[in-house]
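Chain by chain, the residues:
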Amino acid sequence: MTFDKEYYNIGLLDRLSYQNTFVHRLDPRIKLIATLLYLFTVISFSKYEVVELFPFFLYPVLLITLGEIPLLFIIKKVVLVSPFAIFVGIFNPFLDTGRVVLMQELTISAGWISFFSILVKFTLTVSTALLLVTTTSFPGVCHALRQLGVPSLFVSQLLFLYRYIFVLMEETMRIVRARDMRSYGRRGTGIRIFVRLVGILFLRTVERAERIYYAMLSRGFQGDMPTLKRFRITASDLGFAAFVIAFLFIFRFYPVSEELGRFVQGVF
Amino acid sequence: MHMADALLSPTVGATMWACSMAAIGYSSKQLKKNIDNKTIPLMGVLGAFIFAAMMINFTIPGTGSSGHMGGGMILAVILGPYAAFLVMASVLIVQALFFADGGLLALGCNIWNLGIYPCFLAYPLIYNPIAGDGTSNRRIAIASIVSVLIALQLGACSVVMETLLSRKSELPFGTFVLLMQPIHLAIGLVEGFVTSGIITYVKKARPEILQSSSAYRPLDASISVKNVLVAFVIMAVITGGALSWFASTHPDGLEWSIEKVTGKAELAGQEQGIAHALKGIQGKTAFLPDYNFKPSVQEESKEKKSPVWPAIDAGTSVAGIVGGGIVLGLVLLIGFGIRFFKRKTEP
Numbered sequence: 017m018t019f020d021k022e023y024y025n026i027g028l029l030d031r032l033s034y035q036n037t038f039v040h041r042l043d044p045r046i047k048l049i050a051t052l053l054y055l056f057t058v059i060s061f062s063k064y065e066v067v068e069l070f071p072f073f074l075y076p077v078l079l080i081t082l083g084e085i086p087l088l089f090i091i092k093k094v095v096l097v098s099p100f101a102i103f104v105g106i107f108n109p110f111l112d113t114g115r116v117v118l119m120q121e122l123t124i125s126a127g128w129i130s131f132f133s134i135l136v137k138f139t140l141t142v143s144t145a146l147l148l149v150t151t152t153s154f155p156g157v158c159h160a161l162r163q164l165g166v167p168s169l170f171v172s173q174l175l176f177l178y179r180y181i182f183v184l185m186e187e188t189m190r191i192v193r194a195r196d197m198r199s200y201g202r203r204g205t206g207i208r209i210f211v212r213l214v215g216i217l218f219l220r221t222v223e224r225a226e227r228i229y230y231a232m233l234s235r236g237f238q239g240d241m242p243t244l245k246r247f248r249i250t251a252s253d254l255g256f257a258a259f260v261i262a263f264l265f266i267f268r269f270y271p272v273s274e275e276l277g278r279f280v281q282g283v284f
Numbered sequence: 002m003h004m005a006d007a008l009l010s011p012t013v014g015a016t017m018w019a020c021s022m023a024a025i026g027y028s029s030k031q032l033k034k035n036i037d038n039k040t041i042p043l044m045g046v047l048g049a050f051i052f053a054a055m056m057i058n059f060t061i062p063g064t065g066s067s068g069h070m071g072g073g074m075i076l077a078v079i080l081g082p083y084a085a086f087l088v089m090a091s092v093l094i095v096q097a098l099f100f101a102d103g104g105l106l107a108l109g110c111n112i113w114n115l116g117i118y119p120c121f122l123a124y125p126l127i128y129n130p131i132a133g134d135g136t137s138n139r140r141i142a143i144a145s146i147v148s149v150l151i152a153l154q155l156g157a158c159s160v161v162m163e164t165l166l167s168r169k170s171e172l173p174f175g176t177f178v179l180l181m182q183p184i185h186l187a188i189g190l191v192e193g194f195v196t197s198g199i200i201t202y203v204k205k206a207r208p209e210i211l212q213s214s215s216a217y218r219p220l221d222a223s224i225s226v227k228n229v230l231v232a233f234v235i236m237a238v239i240t241g242g243a244l245s246w247f248a249s250t251h252p253d254g255l256e257w258s259i260e261k262v263t264g265k266a267e268l269a270g271q272e273q274g275i276a277h278a279l280k281g282i283q284g285k286t287a288f289l290p291d292y293n294f295k296p297s298v299q300e301e302s303k304e305k306k307s308p309v310w311p312a313i314d315a316g317t318s319v320a321g322i323v324g325g326g327i328v329l330g331l332v333l334l335i336g337f338g339i340r341f342f343k344r345k346t347e348p
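So the protein lines, in turn, are chains A and B. Residues in the first sequence are numbered from 17 upward in steps of one, following the numbering used here. Residues in the second sequence are numbered from 2 upward in steps of one, following the numbering used here.
This is chain B alone, in the form it adopts within the complex (with noise of 0.2 angstroms):
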């Protein structure tokens, strides 16, 4: 369920990070106002919790086939909506880093998908209101399943979009769907019914850590479900029509990217220049111009919502694939002559 970098596009992957980065400052500024120095390592070792916890496989009952365990509504219940996104932003970076689960690109979509929900839409809007003052049991299991379930469809549902609108993939949205969401329905039960196991346990056995916890818990106190929903709707419309407006303006994507990343839109420029001039020196160095192929017959059942096929592009010819070829084989060589001398270099 993670998405990948190869699937993005760098606006959405751009987008993504944005939105999440303001997300992980947001709530460290918030933070930063109302805990004590002791929440700090409790966070980070919690998140190592999380990842020694999720390497415990278990057997789904009926089905014989192993589950792991996620935990972003354990941590929202214990630390918080704002410490349980900074430490599931952390647990993603390290899974990023070390696993190679998703990608560092798409680790603004991961953290969105995988963070955002669970802390601060299932949590307030689901959880809270259901466990109530969390001495039912019975209370809190319900609301365990289904804030997680909800927090996970949203998350699957996220992924197709994101794929979609990197359109990478040309999977229709239809199909996509209905392949994420009950694989996601199936997984949110099971991570339920073990999110309610362990809080249960945990307030059987030492109470005071959840009560004490809530002393966390600014979101509570201080936001009222109304404004929650409030910023969740302006943030939809804004991604959404920036990631629309970008995705119809700059298919490429690239000179938007630098121009985010510089800060300004000559460097654009002046590379469009560079290319360009790069392109006159193509023209006159080629050996044969004409040995490009062109893309066969354009079909009529190329998708629709993207007229713009990138034609040219395809239009893969011989003289491109023998110099992949090549290419390839050079930096091979290359790598393996590097090896070589420091072999031969070192004692």
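The shape of chain A in the complex, shown without the other chains (with noise of 0.2 angstroms):
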């Protein structure tokens, strides 16, 4: 059942980002900007650029290898939500048929160079993020948002969010569950009854909130949910931010791949 599916892979991804590895303990701040700087950096490349992708592939495999993240679990997630962008790019072959030489005798169109490119884009991209993920805590990315300046208002609420999502989520498993249970192939799955299985489901949710916010205000609940955490940046941290600046920095500017390839060729 897709649904039982969905659930545990979150739940996954949010275990794996409890693990004790050195990835794991970097700051979530630096992890944060980290990623977004290395995002911007690949999708800054040109659509006709693929090769010199490639050594970007380095970070998002440190992270797995370092941070002891399932490669497979994280491949299977990148090619589940492929359809869009293979459909946004597939036409590019047959629009863009400017002949590009690729060695003496193999001519392709042009547009399966950006239809390559946008696939390695899309692999780099989609894996980089849900290994910020799965390397830090979403509380800790919470908390990295609040610092860095979001309105701690919407921070307050994701964490709520998030932290629900579970409990809403079994709450439903056990709905569709039983909605499963009483109908017999498509029978009961209709529209109908589905308007009627979420607006019971949005009116426990309504009736949940009330009960949290009252065990919240006797909590001592002002609006604001603040970390004992102190988070503080360490050497470790600077290092792997040096690390990052400088990854980035040679593999943008100095083309890494055709270099070595002409030292090889130049070899043999």
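Keep in mind the hints are simulated off the structure, nothing from the lab. As the structure is a computational prediction, the values presented were derived from the model and not from experiment. All C-beta atoms, glycine included, are put in the ideal place defined by N, C-alpha and C. One or more hints might be untrue.
Stated by the list, open to error - Taking lysine-lysine and the BS3-like style, the derived pairs with C-alpha atoms no more than 30 angstroms apart in a straight line are:
1. Lys204/B - Lys34/B
2. Lys245/A - Lys34/B
3. Lys30/B - Lys93/A
4. Lys245/A - Lys33/B
5. Lys92/A - Lys343/B
6. Lys39/B - Lys205/B
7. Lys30/B - Lys245/A
8. Lys21/A - Lys92/A
9. Lys345/B - Lys92/A
10. Lys93/A - Lys21/A
11. Lys33/B - Lys204/B
12. Lys93/A - Lys345/B
13. Lys39/B - Lys204/B
14. Lys39/B - Lys245/A
To be verified - Some chain B residues well away from chain A (every beta-carbon gap over 10 angstroms; in silico):
15. Phe52
16. Leu126
17. Cys158
18. Leu186
As the list claims (entries may be wrong) - Restraint ranges, calculated between C-beta atoms of paired labels, are given here:
19. Met22/B - Leu244/A: 26 to 36 angstroms
20. Val95/A - Pro173/B: 22 to 32 angstroms
21. Thr136/B - Leu111/A: 24 to 34 angstroms
Dock the two chains into a complex; use the hints.
As structure tokens, then:
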């Protein structure tokens, strides 16, 4: 059943983010900014650059290995969301028919290059975004956002949202399971039943929100959710930041792949 | 319908981020003025509700395919536009991070497309006038279907515009619009129906929720329709102007984005200096400097919209392909190497 799987996946992401490795211990602010810089650099390549993007695989690979993230899990998620990018990109080879000589005999249309470039960028950006959240706990990301100047009201309700996704999804799972038990094949999965189920879920949610509010009020809630944890930038954070900046810088402005290829050709 | 990072140029991504962040800041400020603390947990939990509801699938009558619920309009009706916008933005952030729907850079676009349109355009300008005081079920039904439809159409149209401005896809405007709009017309009809169903259900079962929620609707009282429209026209002109200007003067966009991130232009100049130096090294170390292939015949049919075809980049050389292969190999090797050593050092 797809629902259980989705739920399991979010839970797995959450669990992975609480591991204790070098990457997980880094300051969430640094990781957030590093990820954004990385994404910016990757998409700043023009649409006909493919080989230049290859060195950028190093960053997600490092995060996966140092952070002990299961590789297959990330690959599966990337493949799962690829249809839109493929849908928009697949027309390039047919619309952009300029010929580009690849090797002496081999000529392909320029559109294939730009399509491939879209695919590579897609893989890099999606996997890096997923890796941010598998190597940083979501509350960590939220507190980083708050310290970077995002309004605290917004951050507070984001924290609430995340906390209650798990609670409400379990509730929904029970509802869906009950519906599926009682519906043979398609019966009962129609839009009217759906509206009613969601309506009930909604009412339960609102009532739950009220209970949550009173419970929090009695524990001193004043509209903000501060954290006890103090974030401190350590030497390893600075090291990581320096590494990322140098990495992005070198691979953005220096055609490493091409140079290496030339070097190898020179040797043989 | 979520915009993806890979289809974006940095310019478009950064502009939309700036717009969406400004909208989040503005909404938070507005909301802070006139809510009680009770709304904060309600907002968060309703965001989680939208998630959970999206996961329940249903069969669409007649087609047999399965549909899911979006939720911007329901939120706007229950919470009012400002709070609804913030919840929508949070839902999209979590989606981007956990489901990899869209991406982090495309988040600005997605918040704009799926948050701004339903909450600040469709809700005050379409839903409210049609639904009136919310006593007639038929008016609620018409209002929700029409407003959801229009919000989705605007969103789909924006996806097209953002993709085209980024110039990563070759799809011509007309074809792309014709592909996107009808699909979203169908989606919008179903979603509008679901939205109206849920609102009427809630109205029947717990009418006080809808009534009490109108207390958090500052937009109705304080902002006139005219002001909203004027603000939108101004924003559209500014973003359109800025986008086209940057798109034309910075086809690369990286310098500009660095400038944007650091707030000063010197870094860009400095980097160019280093890049220059690197170019020099490159010239000295190149083993087969004339091994590059030229792009064959610069065809006449090349796009008229963007005449600056990066001819040099397209000339992928054998050196590039060989080097790319080696780089990928190295990356994998590093990955496996680290894993191997980690296993070894661990007891």
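These are the hints, each one checked on the structure:
1. Lys204/B - Lys34/B: holds (28 angstroms)
2. Lys245/A - Lys34/B: Holds, at roughly 29 angstroms.
3. Lys30/B - Lys93/A: Since the Cα atoms of Lys30/B and Lys93/A sit roughly 36 angstroms apart, the hinted pair is violated (cutoff 30 angstroms).
4. Lys245/A - Lys33/B: holds (25 angstroms)
5. Lys92/A - Lys343/B: It holds: about 24 angstroms lies between the C-alpha atoms, which stays within 30 angstroms.
6. Lys39/B - Lys205/B: holds (23 angstroms)
7. Lys30/B - Lys245/A: holds (26 angstroms)
8. Lys21/A - Lys92/A: Holds, because 12 angstroms separates the two Cα atoms, which is no more than 30 angstroms.
9. Lys345/B - Lys92/A: holds (27 angstroms)
10. Lys93/A - Lys21/A: holds (12 angstroms)
11. Lys33/B - Lys204/B: holds (27 angstroms)
12. Lys93/A - Lys345/B: Between Lys93/A and Lys345/B the Cα gap is close to 29 angstroms, so the pair holds against 30 angstroms.
13. Lys39/B - Lys204/B: Cα-Cα ~21 angstroms, so holds.
14. Lys39/B - Lys245/A: Given that 30 angstroms is the threshold and the Cα spacing comes to 25 angstroms, the pair holds.
15. Phe52: Not fine: 5 angstroms to the nearest Cβ puts Phe52/B too close to chain A.
16. Leu126: Consistent with the label, Leu126/B stays out of reach of chain A, its closest Cβ about 25 angstroms off (over 10 angstroms).
17. Cys158: Cys158/B clear of chain A: closest Cβ-Cβ about 15 angstroms, beyond 10 angstroms.
18. Leu186: Non-interface label on Leu186/B holds, nearest chain A Cβ at 17 angstroms vs cutoff 10 angstroms.
19. Met22/B - Leu244/A: 26 to 36 angstroms: holds (28 angstroms)
20. Val95/A - Pro173/B: 22 to 32 angstroms: About 29 angstroms separates the Cβ atoms of Val95/A and Pro173/B, which means 22 to 32 angstroms holds.
21. Thr136/B - Leu111/A: 24 to 34 angstroms: Because 52 angstroms falls outside the window, the suggested range is violated.
Checked against the numbered hints above, the structure violates hints 3, 15, 21; every other hint is satisfied.
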